[in-house]
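Peer 1: Sequence:
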Amino acid sequence: MAPMTNYRNIVSTAMGSLLVTCALIVVASPYGAKAEISCQQVASQLAPCINHVLVGGGVSPVCCQGVKKAAADVKTSADLRASCQCVKDSTARFPGVNYGRVNEVAPKCGTFVPYTVSPNLDCSKINST
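Under mature numbering (1 follows the signal peptide of the UniProt record, and there is no 0), the residues of the sequence shown are numbered -35 to -1, 1 to 94, in order.
A portion of the hints provided could be inaccurate.
Subject to a maximum C-alpha distance of 16 Å in a straight line, what follows is the list of computed EDC-like cross-link-like pairs (lysine to aspartate or glutamate) [unchecked claim]: (1) Lys34 / Glu1; (2) Lys40 / Asp54; (3) Lys34 / Asp44; (4) Lys(-2) / Glu69.
Computed beta-carbon distance windows for the label pairs [to be verified]: (5) Gly21 / Gly75: 31 to 37 Å; (6) Val20 / Ser89: 19 to 25 Å; (7) Pro79 / Lys(-2): 28 to 34 Å; (8) Lys40 / Ala8: 32 to 38 Å.
Hint data in this document are derived by calculation from the structure and do not stem from the laboratory.
In this text, all values refer to a predicted model and were calculated from it rather than measured experimentally.
C-beta atoms are modelled at their ideal positions from N, C-alpha and C, and glycine is treated no differently.
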């Protein structure tokens, strides 16, 4: 029984340390403001664009509605950074994704996005205009 108890103590300590570290990161955030927009919200709005990003072809009206809604939901720099990180992370989940197609969606929908999505994009440096 001692090895199992020791394992539980190690896991408990590690989880506690992880939670404290996460809390410190949030408290020490240099941006101050918390994003009101969630990745789930952004991803669901942009989901109709997946076909264009992966296959190409025209951008659908439903995709453009989602892009415009996602852009309208960005109210602060924190929202913009959160949205940027969501798009970057979500896009990276598709092996071999064509970033050119990713970056042409917003302009084809008549929407301005102040960054270009790429694997090297640093969303923490993005600010709203």
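Peer 1: If a hint holds in the structure, say so; if it does not, say that too.
Peer 2: Results of checking the hints against the structure:
{"no.": "1", "hint": "Lys34 / Glu1", "result": "holds (14 Å)"}
{"no.": "2", "hint": "Lys40 / Asp54", "result": "violated (21 Å)"}
{"no.": "3", "hint": "Lys34 / Asp44", "result": "holds (13 Å)"}
{"no.": "4", "hint": "Lys(-2) / Glu69", "result": "violated (29 Å)"}
{"no.": "5", "hint": "Gly21 / Gly75: 31 to 37 Å", "result": "violated (19 Å)"}
{"no.": "6", "hint": "Val20 / Ser89: 19 to 25 Å", "result": "violated (31 Å)"}
{"no.": "7", "hint": "Pro79 / Lys(-2): 28 to 34 Å", "result": "violated (20 Å)"}
{"no.": "8", "hint": "Lys40 / Ala8: 32 to 38 Å", "result": "violated (18 Å)"}
In this structure, the earlier hints numbered 2, 4, 5, 6, 7, 8 are contradicted, and the remaining ones agree with it.
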